[in-house]
Amino acid sequence: MAADGAPALPEVVRELYARFGENLFTLQATVDQVPTLWLPANRLHEVLRYLKNEAPKPYKMLYDLTAMDERLRKHRHGLPAADFTVIYHLLSIDRDIATRGKGDVRLKVALQGESPSLPTITNVYLNANWYEREAWDMFGIVFEGHPGLRRILLPPTWTGHPLRKDYPARATEFDPFYLDSLKQDMEQEALRFVPEDWGMKRGTADHDFMYLNFGPNHPAAHGAFRVVLQLDGEEVVDCVPDIGYHHRGAEKMGERQSWHSYIPYTDRIDYLGGVMNNLPYVLALEKLAGIKVPERVQTIRVMMAEFFRITSHLLFYGTYAQDVGAMSPVFFMFVDRQKAYDVIEAVTGFRMHPAWFRIGGVAHDLPQGWDKKVREFLDWMPKRLDEYKKAAVENAIFKSRSRDVAAYDTACALEWGVTGPGLRATGCNYDLRKVRPYSGYENFDFEVPVFHKGDCYDRTLAREEEIRQSLRIIEQCLNNMPSGPYKADHPLTCPPPKERTLRDIETLITHFLDVSWGPVMPAGETSQLIEATKGINSYYLTSDASTMSYRTRIRTPSFAHLQQIPAAINGQMVPDLIAYIASIDFVMADVDR
Amino acid sequence: MSAFVDWLSSPVVLAAIWAMVKAVIILLGLVLSAAWMIWLERRLLALWQDRYGPNRIGPFGLGQVIADMIKIFFKEDWTPPFVDKATFILAPLIAMSMMMLGFLFVPITPTWGVSSADLGMLFFFAIGGLAVYAVMLGGWASNSKYSLLGGLRSTAQTISYEVFMGLSLMGVVMQAGTFNLREIVEYQQQNVWFIVPQFIGFCVWSLAAVAVTHRTPFDLPEAESELAAGYHTEYSGMKFGMFFVGEYVGIVMVSGLTVALFFGGWEGPFWTEKIPFVWFAIKCLFFMSSFILLRAALPRPRYDHMMSAAWKVCLPLSLINLLVTGAIVLWNHGA
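One line per chain: the protein sequences are A and B, in this order.
At position 436 of the first sequence (counting the first as 1) the number is 438 in our numbering, and the numbers step up by one without a gap.
At position 125 of the second sequence (counting the first as 1) the number is 121 in our numbering, and the numbers step up by one without a gap.
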């Protein structure tokens, strides 16, 4: 990827050059067209402050912060020398809406040596806190001045930093695991709750605080999630969320699976999202490979993704009602989910984790009679939604439990990186399907539900309305399904087209290699943001011209949403916390990856 | 020996023995109907939630109750090492026995009923007040924070609901002129069921009655999604079983009371003399099912909302009811 060649510099690059001078930055061209600038660590704060506060249409959201071990990377022509890179991905909603999808910028800082360090940016972007902890946990990068730089995904007793290239990815490369009494005692001791370690106090001179351990196993924690609550009666004075109980090293897995065989792993990131998870991954790879998929593929993908949006939102709807104490709705909604899964199963062959999208297409064509099944579901669902309105959202107790509970405004949402229905419930009309349409969403007629109070009730309504809009999209897919192939005619399509393999040797060789080793993606950096079930999900993939990814970064919405919890709930009551947690609609697999 | 037989066959002693036998039968009936209600609840909830519920054991799954009983009896009854043992054991005993005692004065038919002392209703209030100790002590003795929060909620809830539970029934007492439940029933049969003149009292009473049994939407002490299982988080085996059955005994008891206080007891539209028990049972069943319907239909309010509803709505309502009833009773006396 050559660094020059782009005729006009992106707006943000021009602004930064004008303000800080061209010499400070190194511009990197990336496949995904996100302006990517390298800059020295000592000017980072200045630049970030400028972008957040002074720039026209400022970058209010730190969308992602991650790192990369560059030591084994071969294809990095024109990039500054680096052992490690810290990557800041900023997003400006205003700019994104104004320029239709050119609202982000990526900043990179090169670091040298075995124990790299750079200043924290938690004093600029609050939500950098967890991201920096993750980078420390995974790469051993020290963020000087961070308020509590400790491990976040791995247990405190862990040794090593797994996403470094010298850290093995396979269990067989480790010594056998043992647990003797000494080690057991040490692990037990590490579990002891010491408020100071969590940045909390034991009490004041007058009284001790009461701490309540909410989770990791609790009926309303929605997975292995823990919040340490400091209570005054039932009022939450302070709380600290603790994650990592569901960490499976999905990003590391990306570095040892072929591009193709990683697809099933993506299904399990947001395990309620099914093929919705495949979408950003395959779209990012298609950009990298230069594959243009047929229209039929796009439409099939949209249809299946919207089916999963419906099943995910239905699960939210039911469990939310259950968490505010209503027992019955969840059963009704599971019946509906079952109807949706019947269609999904008929089309993909699986229910929750179909792993059905492919690089350059989908696994197989739609089955005969799919339209009948989809039509049945479309006829079934709307009247059920009308019933739920009466059964749940219009119930007075339901309202009193949700209205004004854990309300936050757009500014707060952006500060914490909140996206999806949680952002749209604050009055911010930002939906990637409209602002930067992907996979042909620009061809569909649907509305983005926006609500204004930003409380649990509005978040519920937003998702309820999204179900209806998804039904609209599915109906349009059904009525206008294009004909054509279900797979792109491109050598990097996986599995590659086989029709001509026995006619010429070149195709045979390509096919053989792509199937046995997997496709070799050209070197470069690519990413794709999509409006997933729970917010914006994206894959940021770095290819080093190999059969496997060099670095797979998965940015999930739930991670950001959980970090916001203390900001939104402190000062309210335990039952409010329950309602709030349910209204976030997260799954821990999506948080921990 | 013959003196003993003579004494035994004297009418007074025979009557006493008969009363005891009756009491035991009522007690057994109460516990059995409570246990059977577990089945009823599961089946009804299933019906309303598009499911089947227990339908495998026996006709309509009726044997489920027996299976549940066997299971709960043979479960390991584990007492956690960190609890206050004596209190921990005492709490479920109180829970179950208080609810059973509450049934003492419920008149079932003209001839059946454990007792019909004059202070029947006051006794019920006392029992209702004592029942809170079960939850409070259970929550406290468990030495667990979730249990403690459950216990706290329960105490707060009971204190607020006790107050107007008593007041809501005073209208009935004033009109009937007695605390004796049997006489209240007979008064209704001669005049009109209290549901008509005491409608407000009935509304307030039904709220309080649900609160006393800790059933949805007043199940805050054991709010499953918030406090794990609230005050009985640490209980297992038969001790948990006693809390559990105690709750259902409570439902039967409260339904029986409601029937006696507001719905004319055993009086039916026809054959009241022939099948009084059937009428009583049908009415009870109706209220027991309403408890289940409530659980299926309603979310759980936040406990401060519930408290403010108690103090700001229910209490004034029952006071006004009291005032108006008093005025009417005095008016009628004067005339």
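Misleading hints may appear alongside valid ones.
Using C-beta positions, here's what the derived DEER-type ranges look like [as the list claims (entries may be wrong)]:
1. A:PRO197 - B:LYS308: 46 to 54 angstroms
2. A:ARG152 - B:HIS301: 53 to 61 angstroms
3. A:PHE179 - B:GLY59: 28 to 36 angstroms
4. A:GLU237 - B:LEU118: 56 to 64 angstroms
5. A:GLU116 - B:GLU72: 48 to 56 angstroms
6. A:ALA348 - B:TYR48: 55 to 63 angstroms
7. B:PHE121 - A:LYS203: 51 to 59 angstroms
In silico contact screen, one side only, chain A against chain B (beta carbon under 8 angstroms); selected entries [to be verified]:
8. VAL337
9. LYS436
10. PRO439
11. ILE511
12. PHE514
13. GLY573
FYI, nobody ran anything at the bench for these hints, they're computed from the structure.
Just so it is clear, the structure is predicted and the values come from calculations on it, not from any experiment.
No residue lacks a Cβ here, since even glycine has one placed at the ideal position from N, Cα and C.
Verification of the supplied hints:
no.: 1; hint: A:PRO197 - B:LYS308: 46 to 54 angstroms; result: violated (38 angstroms)
no.: 2; hint: A:ARG152 - B:HIS301: 53 to 61 angstroms; result: violated (39 angstroms)
no.: 3; hint: A:PHE179 - B:GLY59: 28 to 36 angstroms; result: violated (48 angstroms)
no.: 4; hint: A:GLU237 - B:LEU118: 56 to 64 angstroms; result: violated (38 angstroms)
no.: 5; hint: A:GLU116 - B:GLU72: 48 to 56 angstroms; result: holds (54 angstroms)
no.: 6; hint: A:ALA348 - B:TYR48: 55 to 63 angstroms; result: violated (25 angstroms)
no.: 7; hint: B:PHE121 - A:LYS203: 51 to 59 angstroms; result: violated (45 angstroms)
no.: 8; hint: VAL337; result: holds (6 angstroms)
no.: 9; hint: LYS436; result: violated (34 angstroms)
no.: 10; hint: PRO439; result: violated (38 angstroms)
no.: 11; hint: ILE511; result: violated (57 angstroms)
no.: 12; hint: PHE514; result: violated (52 angstroms)
no.: 13; hint: GLY573; result: violated (14 angstroms)
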